[in-house]
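In case you want the letters, here they are:
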Amino acid sequence: MIWNPEAECMPVEQRRRLQLAHLKNLVERVYEKVPFYRKKFQQAGIKPKDIRSLEDIQKIPFTTKDELRETYPYGLLAVPEAEIEEVHMSSGTTGTPVVDAYTKKDIEVWSESMARTLSMAGTTRNDIIQNAYGYGLFTGGLGVHYGAKLIGANIIPMSSGNTSKQILVMRDFKTTILTCTPSYSLFLAEAAKEEGVDIRSLSLKAGCFGAEPWSENMRKEIEEKLGLDAYDIYGLTEITGPGVSSECEMKNGLHINEDFFYPEVIDPETGNVLPDGAKGELVFTTLVKEGTPLLRYRTRDITFLFHDQCPCGRTTVKMHRLFGRTDDMLIIRGVNVFPSQIEQILMAVEGTDPHYLIVVDRGASHLDELEIMVEVESKFFTDETKGLETIRSKIEHEIKSKLGISAKIKLVEPKTIERSIGKAKRVIDKRKI
Amino acid sequence: MIIKQISIFLENVAGRLAEVTKLLAKHEINLRAMTIADTADFGILRIVVDQPDKALKVLRDGGFTAKTTEVLAVEVEDRPGGLAKVMEIFQQNHVNIEYLYVSLEKNKDKAVVIFKVEDLKLGQKIVEEHGLGGKVSL
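Protein sequences, first through last, are from chains R and A.
Just so we're aligned, residue 1 is where the first sequence starts under this note's numbering, counting upward by one.
Just so we're aligned, residue 1 is where the second sequence starts under this note's numbering, counting upward by one.
If we strip away everything but chain A, and leave its shape as in the complex, we get:
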């Protein structure tokens, strides 16, 4: 299924990440997944939260450059070869992946992996056709 991810621009300055988490905590926003892409000078923090619209407002009001991106939440079986199966489906159907990371969410024995794909509509279609995203509730 398609979910909202929030990206936040962070300079490589001590304490900046702590300020983000502090701000989210203050507004009782729950983090479900996160990852950082970093370069020498800056990083981009990507998070999935329980209240994305509120989180975006809180972060922007707090002076951060933030934006929402739509990503795919995909169920992956938590056993050897689980991710490989999903990747194979994506590969066969030409779903190009920009990046991916794992969330804290778990449905029974399935892990939830966040995918940023080049063509969101195509990705969603493939996920639905293969029954990979039905039960995710972030």
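Chain R on its own, in the form it takes in the complex:
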């Protein structure tokens, strides 16, 4: 079902006029209110009045994640602080968080986006949504929550983990819509089986899965094992959280809520805008955002855009499911992790430049498993096992507390990790996604 036919099925030309009006307003606002953007405009030699068409957006310089870190916490704020009603953040490359600050209206836009997303998966006010995305600074939990509230569905705020209770609630409260990471859905299916619950025979009809990369094969597996329709949803904290784009019942590309989030795909090397169908880096401009607006934000996600006449009736542009990233960011159980963050922790613990290798795999549990192989150097080697065990548990603890993920540390002999010429190979991703 379509949550907002007027917006989602609007004739393309009419939407473009709307987008342009939003863009002009946005540019005026940030030029006036955010010194960071004013400086950028001045350096590029442009003024707000130079943005006269949607194509003129290409005159505006990109915004990067590094810049978001540099302006932490409130450098991009375009409203008085008192207008901010909620803050979310995700970790950046150095551990400096990337902040999204929402005004009342920003939360409304987010709720609207998520209402559209959940509706695409068939959610109505009669549904029971079991939300197993984490509640907290992570946008997954509250994003789904706000969308569900707007629809008027029954939302069960489970948050992540607590698997036995998830299954209990799913059975006893007759959950119809499941929201979580795709890998966790498979984990739930396995756990249900072990507890003697036939998850297929419960009331599940659809699932909105995102926050980590997955594939068509994985969709088939999820649909088979859980007995539901699995939908891909996409979003990132910087832009708003989940709700940026999602699949309709055709399961052929993700409809972008482009009246809010204006997409472009660029060549990551040259920065040139690419046409429909050409793979490149996804870039977003938050057309209506008040709190922390972003102009041409480089997501580092690789995809292509396409316009088709979707049988669902929506006229919004679509993006293909993600192909990967232009940087080395890993998404582990929905948590963004850069190898450089792990390296910093290793260096801090050992006080040395370690040779390490990160191995990511999905074991029998279907959940991402992270193993970090660290070469034992003479500097921190001791003649007692407890010395090494202490270092190992310290690294595990630091990774858990700083990055929020569990890692298994494996101590290995020197030179066992392959040395390569030039850029060291630090990551082996064995996940079949």
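Keep in mind the hints are simulated off the structure, nothing from the lab.
Treat the hints with care, as some may be off.
[What the hints assert, rightly or not] Under the rule of at most 30 Å between Cα atoms (straight-line distance), these lysine-lysine pairs were calculated in the DSS-like manner:
1) K121/A x K379/R
2) K121/A x K386/R
3) K379/R x K26/A
4) K410/R x K121/A
5) K108/A x K386/R
6) K26/A x K125/A
7) K67/A x K408/R
8) K26/A x K415/R
9) K4/A x K386/R
10) K379/R x K57/A
11) K400/R x K415/R
12) K415/R x K67/A
Fit chain A to the supplied structure of chain R, relying on the hints for placement.
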């Protein structure tokens, strides 16, 4: 007396110990004592050899993580109660033991036991005072 022990980090991989012994044999280094402390993923091999400095170099050149630790070599009478006597002396004098193992060395009817103690100076003092380490030559 205080002697040098060499510790070597070993992953739990088939054949790693054999490579250590092969390397030592090639360089004609004689093993006098050895023990392994193991965990699920790795082990630490501790050895006492006739040429510790050469052994350390050979092992490091061979790509092993190795280091030297000072330990006590203590004479223990090879009869029931022999070790008990030494342990009692250590206990009475607050010499805390991290680990111990037996060497191949033997002086007449006395066995030589390798002790890693928490406080090496204290341990050495007690060993000397009680005449437990005078004749060991590893």
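Each hint, compared with the structure:
Restraint check for K121/A and K379/R: satisfied, since their Cα atoms lie roughly 24 Å apart, inside the 30 Å limit. Using a Cα cut-off of 30 Å, the hinted pair K121/A and K386/R holds, with the two alpha carbons roughly 22 Å apart. Taking the CA atoms of K379/R and K26/A, the gap is about 27 Å. The hint holds against a cut of 30 Å. For a cut-off of 30 Å, the pair hint linking K410/R to K121/A is broken: about 35 Å separates their Cα positions.
Under the criterion of a C-alpha separation no larger than 30 Å, the hint pairing K108/A with K386/R is inconsistent with the structure, at around 36 Å. Annotation: proposed proximity of K26/A to K125/A is violated, straight-line Cα distance about 37 Å (limit 30 Å). In summary, the hint linking K67/A to K408/R is supported, as the alpha carbons are separated by about 26 Å, within the 30 Å threshold. As the CA atoms of K26/A and K415/R are separated by approximately 22 Å, the hinted pair is consistent with the 30 Å bound.
Between K4/A and K386/R the CA atoms are separated by roughly 20 Å; this keeps the pair inside 30 Å, and the hint holds. Restraint check for K379/R and K57/A: the C-alpha separation of about 15 Å stays at or below 30 Å, so the hint holds. Restraint check for K400/R and K415/R: satisfied, since their Cα atoms lie roughly 27 Å apart, inside the 30 Å limit. The suggested pairing of K415/R with K67/A holds, with an alpha-carbon distance near 17 Å, which does not exceed 30 Å.
Consistency with the previously given hints fails for numbers 4, 5 and 6, ordered from lowest to highest.
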